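If you read the sequences in order, they're chains R and L.
Going by this note's numbering, the first sequence opens with residue 1, and the numbers climb by one from there.
Going by this note's numbering, the second sequence opens with residue 1, and the numbers climb by one from there.
Misleading hints may appear alongside valid ones.
To be verified - Across the chosen pairs, the derived CB separations fall in these ranges: (1) Gly225(R) <-> Gly270(L): 30 to 38 Å; (2) Ser139(R) <-> Glu189(L): 31 to 39 Å; (3) Ala15(R) <-> Glu7(L): 32 to 40 Å; (4) Glu126(R) <-> Gly270(L): 36 to 44 Å; (5) Arg9(L) <-> Gly225(R): 20 to 28 Å; (6) Ala118(R) <-> Asp186(L): 39 to 47 Å; (7) Leu60(L) <-> Ala15(R): 43 to 51 Å.
Said to hold, decoys possible - Here's a subset of chain R near chain L, in silico, CB distances under 8 Å, partners left out: (8) Pro14; (9) Thr20; (10) Arg77; (11) Gly78.
Simulated from the structure, these hints should not be mistaken for lab results.
These figures come from a predicted structure and were not determined experimentally.
Just so it is clear, CB atoms sit at the ideal spot from N, CA and C, and this is done for glycine as well.
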Amino acid sequence: MNRVELQNVSVRYPAQRIPTLKEWVVRARGKRPAAVNALRDVTLSVAAGEAFGIIGRNGAGKSTLLRVIAGIIPPNRGEVVTRGALAPVIELGTGFDGELSGRENIFFNGSLLGRSRAFMRRCEEEIIDFSGIGAHIDSPLRTYSTGMVARLAFSVATTIDAEIVLLDEVLAVGDASFREKCEERIRGFHSNGATIVFVSHDLDSVRDLCSRAAWVEGGALRAVGAAEEVIDAYEKARPHPKGT
Amino acid sequence: MTDLASERRYVAGATVNLREELRDISRSAHLLRNLVHRDLTIRYKRSVLGFFWTMLHPLLLMLILVMVFSSIFRFTVPRYDIYVLSALLPWNFYAQTTVGSMASLAWNGALMKRVRVPKSIFTLSTVLAGLINLALAYIPLLVIMLVRGTPIRAAFLFLPVSLLILAVFTYGVSLILTAFSVYFVDVREMYTVAMTALMYLTPVIYPIEILPERFRPFFALNPLVYFIDIVRAPVHSGVLPTTQSLLIATTLALAAAVIGWTIFRRLSRGFYPYL
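Only chain R is shown next, with the shape it has when bound in the complex (with noise of 0.2 Å):
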């Protein structure tokens, strides 16, 4: 089975907003806007087990990419299909609110995320164990660093049953032995029938968790299959592979 689909989608931008809505009315109507095309004709799909890794430059259209699936961006053409329960972790601090304790904040994106109150309940000490937050986790968010500010956000995104978790870039804040601890559980977790999209720089640990991944450019798929392969080819078309 697919948890995730994508047919010939295709997403545009207008290049600028138009600010004021006195501009809108006394600008000449048939003027449009220029557009801007994030993403051209993508066609890709990720099986239930997988771990897919998505890797480009930055601009490629990624996290434009990441943000269809999670059906944030609805797609200008073409069809968009996920197949279970949803877990983004799509910049920092996916729906968490400054003036909220960690804990608070544990229960508010649980909600989010479609989980009852009673639900994270049973969940809540696994989450805040695991991120390691500790005493902090009764202060309001404001007060946390960014890195523990991710340690929460994936602390909940992977540990509430999630059928598909979607990371952009989560690994990179943390320090080294919770991103071991993060990718242990990335491991664990595909063998659950359980998918993880998972967008990054770093072409090391993509090689190391993923099994499928796909690269990015100028809006377009370059390359799909294997992650070794998609990896090297990526790696031979850069002059400085250590670059970004």
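Position chain L against the provided structure of chain R, taking the given hints into account.
This is chain L only, laid out in the frame that chain R set:
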């Protein structure tokens, strides 16, 4: 293992379907509860009196208005304090909710860029939080009525129906405003200014009788006049609202809800780049 119920399909060009959105909102009941709770608590979290502001605020406002205006209107309106409060509380609900729902969508923009949520849920949560605040604000009003010996008649029991009609209208207007405010940053400023003007064009703090007869037909064009009428009658006069006001208000409320939803579902698909 295959959970067909959790299959989700997005086809390009399809507009948001009312049934789907309702299903999503009902699935997000926990989120809705959390949003309402957050709306109610965050507003007062850092203030000493906290939640009591909800009740204290209308009292202080009334005190000011009564001091300023009661000598002017003393002879035209009996029980001027109740007259003002019975309209001012629902007016504040309408004004704060319509403005607040635009702010709520803007604040939650970051959220919508990271998680898929039914977008109309923020408007709904603002209306619900506003209703709870409104219900609390009626407590000091009742206390004033008891203290002043104002008779509380059976018609008072009709108030929840009136408030429900007002809430439906508020929800519809909020949907229209929020949908446009995402695209145009100045909608919120313009509306806020318009609301201040509108308050003086609606008989909230003054009785309509003080106006010359020839101006009154214009007031019939202001939809809020009918809502003020149906929420004030059961409290201030202790009578049921007139059938005419009730019919017009109900029609306006339903029309606003239908138009609001239609516009919102058209426009909300294009929100993403503007959040």
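Of the hints given before, which are not true for this structure? Going through the list in order, the structure violates no hint and respects every one.
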